[in-house]
Each structure stands twice: as C-alpha cells, then as structure tokens.
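*Asks:* Sequence:
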Amino acid sequence: MDAAQALADLLEVSPQVEAAAIFRGEELLGAVGVDDEAAGRVVGSAGRLLDAAGASRSGGARVTQVRASLAGTGVFVVREPEGERAAVAVASRAATPGLVFYDLKRCLAATAEQPKPKPRRRRTKKEEPADDAP
1 MDAAQALADL LEVSPQVEAA AIFRGEELLG AVGVDDEAAG RVVGSAGRLL
51 DAAGASRSGG ARVTQVRASL AGTGVFVVRE PEGERAAVAV ASRAATPGLV
101 FYDLKRCLAA TAEQPKPKPR RRRTKKEEPA DDAP
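If you read the sequence shown in the working numbering, its first letter stands for residue 1, the second for the next number, and so on.
Please keep in mind that the hints were generated in silico from the structure rather than gathered at the bench.
Check the hints yourself; a few may be wrong.
Mimicking SDA-like on lysine to any residue, the simulated pairs with C-alpha atoms at most 20 Å apart in a straight line are [stated by the list, open to error]:
hint	residue 1	residue 2
1	105	30
2	105	82
3	105	68
4	105	49
5	105	8
6	105	33
7	105	62
8	105	1
9	105	85
10	105	11
11	105	5
12	105	18
13	105	16
14	105	28
15	105	13
16	105	25
17	105	15
18	105	53
19	105	9
20	105	64
21	105	51
22	105	75
23	105	29
Could you put together the complete structure from these sequences and hints?
*Replies:* This is the structure we're talking about:
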C-alpha cells in the first residue's frame, strides 16, 4: 500500500489524529492533514526527537517510539525496529496514547515493501510409459 492511502486510512480509523506523515531520514514519503512545507518541518522535528531520545538512553538502545505533549496537542513518533522509516502524528490532547501508537505502527507497517513473490516453477508432465513396454 502506498503512503498516501495508508495515511488516509489512519485518519479514518483514528479520528483524534489531525495530521500525519511517513518519512525516511529527512525524506518525506507522504503526508496528510498538512501541506508539504509544514510536513517537512514536522518530519525534521520528529527525527530529531527520536535521535535525542536515543542519545539519552544508556547502553545505546534504539528508541522506536516517542510521545511529546504540547499545548492542546500530542505528537507521536514511531520508527521501524530494524528499518529507517518512521511515522509521526499530531493528535488532539484527548487522544488515547496507546491507540494512537497502535494505529500509527499499523499505518507504517502497511506501507512496508512487500517481498517480491518467487517465480513459480513450471510443472512438467511426467512421461507416461509406452504401450509397448513388456
């Protein structure tokens, strides 16, 4: 599923989410509820928030989700445990954090590149024994 469709689905299932974006590094892969310029600023801030949270952890453990509360809104950021893609959502203060994180992770997973199916092997007919066999 492409990022635009996954983000549209996110807004449908999570009405508390006002805007969201999917990104890789500083590259914006898709956004909804905000124009591209504002999405770029949100994505940059979300990436720095993940990096800062990771820098504050002992042992260098990878941070995969962060929540920040702002006046009247909340910002939720999730990152793939093994990958570089991440998603950010701005939601109302009344949003249930666990549900927003769950919906955001599902949105991100829906856009994951699917492995290409292996080519099917062509079946060959088994040769039937000849009628003149003893």
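*Asks:* Hint numbers the structure violates, sorted upward?
*Replies:* none
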